[in-house]
Every structure is written in C-alpha cells, then in structure tokens.
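Please model the complete structure; the sequences and the hints are all you need to start from.
If you're matching them up, the sequences are chains H and D in order. Quick note on numbering: my numbering labels position 311 of the first sequence as 311, and the sequence is numbered without any gaps. Quick note on numbering: my numbering labels position 268 of the second sequence as 268, and the sequence is numbered without any gaps.
Just so you know, these hints were derived from the structure itself, not from any lab. Keep in mind the model is a prediction, meaning the values are calculated, not measured. Ideal placement from N, C-alpha and C gives every residue a C-beta, glycine not left out. Treat the hints with care, since some could be wrong.
Partial chain D-side listing against chain H, Cβ under 10 Å, derived [as the list claims (entries may be wrong)]: (1) Gly47; (2) Met52; (3) Glu57; (4) Arg97; (5) Trp162; (6) Arg316.
Derived Cβ-Cβ restraints for the label pairs, each shown as a range [claimed, not checked]: (7) H:Gly47 <-> D:Lys322: 25 to 33 Å; (8) D:Asp145 <-> H:Gly47: 35 to 43 Å; (9) D:Lys34 <-> H:Asp41: 44 to 52 Å; (10) D:Pro141 <-> H:Glu147: 52 to 60 Å.
To list a few chain D residues with every Cβ distance to chain H over 10 Å, as calculated [to be verified]: (11) Asp86; (12) His94; (13) Asp95; (14) Lys168; (15) Glu318.
Spelled out, the chains give:
2 protein chains.
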Amino acid sequence: MAEPEIDVVAIGNAIVDVLSQADDGFLETHGLAKGVMTLIDASGAEGLYAAMGPGVEMSGGSAANTVAGLASFGGSAGFIGKVRDDQLGAVFSHDIRSLGVSFTTAPATEGAATARCLILVTPDAQRTLNTYLGACTVLGPDDIDPETISAAKVIYLEGYLWDPPGAKQAFRKAMDIARKAGRKVALSLSDPFCVDRYREEFHALVTDGVDLLFANEAELISLYEAESFDEALQQIRGHCEVAALTRGDKGSVVVSGDEVHVIDAEPVARLVDTTGAGDLYAAGFLFGYTQGEDLARCGRLGGLAASEVISHFGARPETPLKALL
Amino acid sequence: MAEPEIDVVAIGNAIVDVLSQADDGFLETHGLAKGVMTLIDASGAEGLYAAMGPGVEMSGGSAANTVAGLASFGGSAGFIGKVRDDQLGAVFSHDIRSLGVSFTTAPATEGAATARCLILVTPDAQRTLNTYLGACTVLGPDDIDPETISAAKVIYLEGYLWDPPGAKQAFRKAMDIARKAGRKVALSLSDPFCVDRYREEFHALVTDGVDLLFANEAELISLYEAESFDEALQQIRGHCEVAALTRGDKGSVVVSGDEVHVIDAEPVARLVDTTGAGDLYAAGFLFGYTQGEDLARCGRLGGLAASEVISHFGARPETPLKALL
Numbered sequence: 001m002a003e004p005e006i007d008v009v010a011i012g013n014a015i016v017d018v019l020s021q022a023d024d025g026f027l028e029t030h031g032l033a034k035g036v037m038t039l040i041d042a043s044g045a046e047g048l049y050a051a052m053g054p055g056v057e058m059s060g061g062s063a064a065n066t067v068a069g070l071a072s073f074g075g076s077a078g079f080i081g082k083v084r085d086d087q088l089g090a091v092f093s094h095d096i097r098s099l100g101v102s103f104t105t106a107p108a109t110e111g112a113a114t115a116r117c118l119i120l121v122t123p124d125a126q127r128t129l130n131t132y133l134g135a136c137t138v139l140g141p142d143d144i145d146p147e148t149i150s151a152a153k154v155i156y157l158e159g160y161l162w163d164p165p166g167a168k169q170a171f172r173k174a175m176d177i178a179r180k181a182g183r184k185v186a187l188s189l190s191d192p193f194c195v196d197r198y199r200e201e202f203h204a205l206v207t208d209g210v211d212l213l214f215a216n217e218a219e220l221i222s223l224y225e226a227e228s229f230d231e232a233l234q235q236i237r238g239h240c241e242v243a244a245l246t247r248g249d250k251g252s253v254v255v256s257g258d259e260v261h262v263i264d265a266e267p268v269a270r271l272v273d274t275t276g277a278g279d280l281y282a283a284g285f286l287f288g289y290t291q292g293e294d295l296a297r298c299g300r301l302g303g304l305a306a307s308e309v310i311s312h313f314g315a316r317p318e319t320p321l322k323a324l325l
Numbered sequence: 001m002a003e004p005e006i007d008v009v010a011i012g013n014a015i016v017d018v019l020s021q022a023d024d025g026f027l028e029t030h031g032l033a034k035g036v037m038t039l040i041d042a043s044g045a046e047g048l049y050a051a052m053g054p055g056v057e058m059s060g061g062s063a064a065n066t067v068a069g070l071a072s073f074g075g076s077a078g079f080i081g082k083v084r085d086d087q088l089g090a091v092f093s094h095d096i097r098s099l100g101v102s103f104t105t106a107p108a109t110e111g112a113a114t115a116r117c118l119i120l121v122t123p124d125a126q127r128t129l130n131t132y133l134g135a136c137t138v139l140g141p142d143d144i145d146p147e148t149i150s151a152a153k154v155i156y157l158e159g160y161l162w163d164p165p166g167a168k169q170a171f172r173k174a175m176d177i178a179r180k181a182g183r184k185v186a187l188s189l190s191d192p193f194c195v196d197r198y199r200e201e202f203h204a205l206v207t208d209g210v211d212l213l214f215a216n217e218a219e220l221i222s223l224y225e226a227e228s229f230d231e232a233l234q235q236i237r238g239h240c241e242v243a244a245l246t247r248g249d250k251g252s253v254v255v256s257g258d259e260v261h262v263i264d265a266e267p268v269a270r271l272v273d274t275t276g277a278g279d280l281y282a283a284g285f286l287f288g289y290t291q292g293e294d295l296a297r298c299g300r301l302g303g304l305a306a307s308e309v310i311s312h313f314g315a316r317p318e319t320p321l322k323a324l325l
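Written out as structure tokens, the structure reads:
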C-alpha cells in the first residue's frame, strides 16, 4: 500500500460563524443554554439573528477549524464538507483554501443556504452556539472520495456529523476506507449534548473503530455517564489507543494504555473567547502526532494552539501557529 | 418648521468589509497603494480575494461606520445606502439596525451584489482598501426621502459618494433639502485620491453648502493643493463654519472662524488596525455636536472614539462607546 501523502483529512460541518457579544440576560431571555451547541432551524436562526447585536462573520465548523489550525502549524490537510453556492459558501471555501487546505467537495446548487452558527460570547469568555445546519444536511457518502481518504495519515471526524442524516453515512464510509487502508481514525465528541443524543453509537465507535479520541471533561463524563472525570478516564483507557482529554484551565490529560500524561494549560494573558479551544487543541495535537512526536509533546502543542485561539474573538488562529513553535 | 427628531442622518456606500492580514510584500506583488482606497471591479475583486489570506467579514462603509459609532454613544441616527437582497446585504442591514440606526433604503433586487471592501491590514496597523462598489452604484435621488432628511439635526455625507454616478445626485438632493430645512450639512473628504478625483466639486461644496467638514491632513492638503497642513488650515478657516481635521497620532485641530483648538490624540495601549479611525472620530465629534457640546469637547469625543476603534481589528466599536464617557 502507498505511503500517506497528507497529514490529516477532516470531515465536518462547513459553517460560517456569526460572533456577537451578549450578556447573561440575553441568553436567559432567549432561553439559550450557556456553553453548549443547540441546533436551530431556519426560522429560529432568523429570529435569533434579528435579536442579536452586530456580528462578525468568520469561517468556522469544528473539524474545519482543526485542519485550519493544523495548516497554520505547517501541516498538510484536506477538508470534506458541504456548502451551498452562495456568498457565505464562497467565504467558507476561500478561507479554508487560502490556508492551503485542499477542499474540493462540490457545493450544493439548490436547497438550503450555507450553514451558519450564531455564537454569543458572554463577558466570562464563554461561547453559546446556535447552529443552523443548512446545506450541511445534504452531505452524503457520495462526497467521500476513497483516494482522498486513503491518502491521509489520520482521518478526523467530528461528532456533530451525527446530526445531519446523510453525514453519518459519509462518516462510516470514510472510517471503513481509512481502516482498510491502515490509517488512523480520530473522533472528536464535539459537545456534551451531542454525546447525549448519540451515546450508544459513540460508545460503539470508541470501543471499535476509533484510534484517537478527543473530548473535553463534560463530554467524556457524558459518554460514560460517570460520576467524575477520573472514573471516566479509567474507562476510556481500555477502549481507545489514544485519548486526549481537555479540561479548560486545568490543562489536558493524554492517555494511551499505561501511559498517562497530565499537561498544564498554557498561560493566557487575556481570556477573550473560548470558541474553538477544543478544535485548536486537536489541531496542535494532530500536528505533533502526524510529525511523529511523543504524546506529551502532542498534548503541549494542543495546549499552545488552544491558548492562541482563546486570546481573541473567533475560532481560527490570528497568528500563524508555526510562529509559536 | 418642526424641531429635528434625530441627531444625524448619513448617506454613504453600504459596504461589507473583508479584513485580512498581509505584509508589505503582498501589497507590492499586487500593485496596491498602501493606506488609500482604490476602486476595483468585479473581476479585480475576485482576483484579489483569491490571492488574500483568510478574512473576517464585518459591516463597514465610511458614513455607516460613523452613524454606528454615534449610536454606540447613545445618539439617534439614520442611514441611507444601497445593498442588494443577498446574504451580505442581510449582514449589513442586520448590523446597522441592531445598533438602533434606522435603515429603510430598499435593497436592489437585481444587478450587482452588495458592495465589499477587501481590506489588507499590514503589521504597522495601516489599512489598504480595495472597494468593489456593487449595488452602491444604483443608489439615486429616489432613495432620498425629504422627511427623513428634514428630521435630522445634521446630514452627514461621505466624499466617496462621488464615485457611483447616481449617488452624487442623491447627495445633492439631500443637501438641498437639509439646507432648506435649516439643518447642518457635514461632509467627510474620505480619501486623498478621492479628493484628487473630484477636487473642483469638493472645493465648491466646501465653499458653499457644507457647514462641517471632516478631513485628515492628506485630504485637506490635497483639497487646496497646499504645501503644508498649516497653509491648508488657513484656507479652510475662511470657507467652512466648522472644520474638524485629524492628524493621526498628532491628534486633531478644530477650527471655526477665529476659534482654533489643538487636541492631543488619546493614548492607545496597542495600535492594531487604523481602519475606521476617521469615521469614528466623526462619530464622536457629531455626538458631542448634536448634544450641544463646545467644539473642544467635540474634538475630544472624536479622539476617544477613534482610539477605541484602532485598538482592535475592524471599523466599528467593540466596546459600547457610551461606556467610555
């Protein structure tokens, strides 16, 4: 079998973020659950947008942010996801390609508009996500090209793909191709409520099929319906080859069988917006992993990338991450 | 005649900014003149966008930024400008309305897309503007509602309106209505090359019709083809009731006949992006002016608003300006 030519190919929802500042009262008035991702439909998006303050539009999407970060470190990456052939689709496509990420998924030419995520950032730097999936709902197995998947050292999948119906099939198809080609499969659990929605399926994936798991504390606890982080940690050790577990300002824990690393968070001068923290942790980790670094170093690179992205608004690096190495 | 019900109505190009970081080499490679505004056509915009790094989309437009800033101080404002009924037009309309600015100009339902300005921010915090006017080219006198104009204490016009053909007529119509209603007419000279393109007409406007002039040093010198700022200053004193002249980190000079105020710039902890500095100076000045403050205080409020906007990316305030008072 040929050697892989690219570090990471990610599959995810192709989303443009609309970031706006809000206070806790706004979240309360609109019944928004702070810190998590809630799916909204077109009319819900319209209503919330009309109520929000002025916004800033930036390309987003969890797995897309991760490959954007990986490319910013100097890694090679591809992305598979579905936009529509509209202005926001052009923004998403431009931004990811301008970073050198290969993005060739055909845009939808009819139906729902490019997905957007209305993100409310509160003064405590927490972000509350409200996602209108739009064109992401038409991603399907036909969008998965076996050659692209087999060419990557790691295929990276976001748990959010379980929400749009066809994306799950695309996910499974890509996972099967990657495994047959002897590649590594990485999964991010995405969000505690996403884990709630698909716990059994995610459990099965983690036990059989996924080599690298990315999760934060709340997601991991939800996966195992555990009482504590440590209890969940003991379970994941037996299930995945590698698990990289983020804990906010407590840093991260990387486990692989008997090997356990507890890594402190990087200091941050000013915490502004936690949007993208997990996505960029995965970017740094995967950059190290695909360069053959040891797991402790991978975790530190993850923390480094996360610390950059939480020091400003938006889920993608403002500073080339390569410059931080 | 009825008392005015609103502080400022502005007429300007309705533009969404696309901000991206670039180095001097990029400007050189693409033949871009640093620090000024250059008009580009659709294919020029496409080519430059394809070459640019990842962008951040934010509502912009010079006069629109000014009323956004005025509203952020707590002033009342309206805006007249033309978008298309597309996604970026919806972004522009949402953002300005979310600040409480009345914006009722009917969007174009056919023809060119909503205008965008591709802004390259260099490490020295200078911004280089490349504007595709799009739907702005169909703004015309029919978009000027006499009641809206007469209801404002000040009507604020950007010099950039001289570029799209019909906007100049809209500008003149609005100016005539405002003068007949006994309102003040304010003009921003916008850009030194814009002054170069329309020097004779701007000269005539400043001499007869405009009560308040906003200009930076380069624009004022260009207007009078003067050798120095001071030489141009002596000329403007005889022409306009009030001139508010910005000089970057040297602060501003406000002149009204024999009254002259030399106002220091507000200190800025970190200069990030000068986009919107002049627009926000005008916002602070007009907020003071319409509240009946003296000219020195108006100039200081202008400096305060400008110092906020140059401390972060983008041409609109991140912090409610009211909070800085």
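Right, here's what the structure says about each hint:
1. At a threshold of 10 Å, the smallest CB-CB gap from Gly47 (chain D) to chain H is about 12 Å, leaving the interface hint violated.
2. Taking 10 Å as the C-beta cut-off, the interface hint given for Met52 (chain D) holds, the closest approach to chain H being about 7 Å.
3. The restraint placing Glu57 (chain D) at the interface with chain H holds, with a minimum CB-CB distance near 4 Å, inside the 10 Å limit.
4. Hint status for Arg97 (chain D): holds, given a least beta-carbon distance of 9 Å to chain H, under 10 Å.
5. Given the 10 Å rule on beta carbons, the hint for Trp162 (chain D) is violated: about 27 Å separates it from the nearest Cβ of chain H.
6. Given the 10 Å rule on beta carbons, the hint for Arg316 (chain D) holds: about 7 Å separates it from the nearest Cβ of chain H.
7. At roughly 27 Å, the beta-carbon separation of Gly47 (chain H) and Lys322 (chain D) lies within the given 25 to 33 Å, and the hint holds.
8. Hint check: Asp145 (chain D) to Gly47 (chain H), Cβ distance near 29 Å, so the stated range 35 to 43 Å is violated.
9. Hint check: Lys34 (chain D) to Asp41 (chain H), Cβ distance near 46 Å, so the stated range 44 to 52 Å holds.
10. Checked against the hint of 52 to 60 Å, the pair Pro141 (chain D) and Glu147 (chain H) passes, with Cβ atoms roughly 58 Å apart.
11. With a least beta-carbon separation of about 6 Å from chain H, Asp86 (chain D) fails to lie farther than 10 Å from that chain, contradicting its non-interface assignment.
12. Some Cβ of chain H comes within 10 Å of the Cβ of His94 (chain D); the nearest lies about 6 Å off, and the non-interface call is violated.
13. Remark: the non-interface label on Asp95 (chain D) conflicts with the geometry, its nearest Cβ contact in chain H lying 4 Å away (cut-off 10 Å).
14. Every Cβ of chain H is farther than 10 Å from the Cβ of Lys168 (chain D); the closest lies at roughly 28 Å, confirming the non-interface assignment.
15. With a least CB separation of 8 Å from chain H, Glu318 (chain D) falls inside the 10 Å interface cut-off, contrary to its annotation.
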